[in-house]
Amino acid sequence: MKVQIVKDILSANEQIAQENRRLFDEKGVFVLNIMAAPGAGKTSLIECIIESLRGRLRIGMIDGDVASTIDADRIARTGIPAVQINTGGACHLDANMVRVALPRLSLDETDLLLVENVGNLICPTGFALGENLKVMIASTPEGADKPYKYPGMFSVVDVLMLNKVDLLPLLDFDLDYFRRGVEALNPDVAFFPISCKTGEGVQEWVDWLVERCRAG
Amino acid sequence: MHELAITQSMLNLALEYAKRAGAQRITHINLVIGEMSGVVDESVQFYFDFVSKDTLAEGAQLVFEWQPARIRCRACGHEFALEVGARLPRPYWACPVCQALGGEVVAGRELYMDSIEVE
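Quick note, the sequences are listed as chains X and P, same order. Following the numbering used here, the numbering of the first sequence begins with 1 at its first residue and continues without gaps. Following the numbering used here, the numbering of the second sequence begins with 1001 at its first residue and continues without gaps.
There's no promise every hint is true.
Claimed, not checked - Derived pair list, reagent style DSSO-like, types lysine-lysine, alpha-carbon separation capped at 27 Å:
no. : chain 1 : residue 1 : chain 2 : residue 2
1   : P       : 1019      : X       : 2
2   : P       : 1019      : P       : 1053
3   : P       : 1053      : X       : 149
4   : X       : 27        : P       : 1019
These aren't lab readings, by the way, just hints derived from the structure by calculation.
My request is simple: use the sequences and hints to build the entire structure.
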């Protein structure tokens, strides 16, 4: 006997993501799902955001890593509430991991929730968490060919940061080639070249973020 | 690694429908997978054999129907298949008619269960 189903395999994740989103909307929390390869600067970017928005928005953070609390500890030192999720080997966060972590944060006292996904350019794309924006950080040492090699990630994000632009004079990074790849995959993406180290471009990005946050 | 999470979700979905149908055993699971979904079928089968042990789905055959990736050109509207193996620097998503880059993905991201066959 054949039983018709025709249902998305990740519909369970999608459903929990929608529940998360409803809760965030109800509590007035704006959520970023921050994705990147390991070492692109996810935690550095979060530190930049915290520093720039101190006193303007109340920030909380959820950090996903395969193991350790290094990143959450780093953020906790800035005085921001940070919750660590250890995925125990899994290569991405899913909606349920986020849901389980939420009671450890005070959403009533949070305007902006930064969710740092596991460092990976493939798996996190398939799993919605309930975020308002998907943010990807690429970085110049990774090479300009990444949009061509990881179209799945580059084509679904709302915001693309290119970090470590202070290194451009030292690298063979072809910015034009990179931009063309991004343009082809995702012409509507908001693009910000930045350096978390020198602060270049950070203000433009943070101002944009505050605006989006207020618009909901 | 995300194949494990996908396989687990897949198994849960199949078991839910099999129980609802009062089935004793699931013999086939028919899946529709897009080329751009990033799923590796051998990996799904490997995990499936492991996670389905002692369930109604133990021993079930996974049937993969691959959905080729198709793009609609943003410039001229032509719909074309992605040549996933094409060599750089010509990006594989250049429109074969007008050479413009990019477009809307109209097929190839599917990841769903079409049906199961049960006894």
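Structure-based check of each hint:
1. P/1019 to X/2: Distance of about 13 Å is within 27 Å: holds.
2. P/1019 to P/1053: Roughly 16 Å separates the two Cα atoms, so the pair holds.
3. P/1053 to X/149: violated (36 Å)
4. X/27 to P/1019: violated (38 Å)
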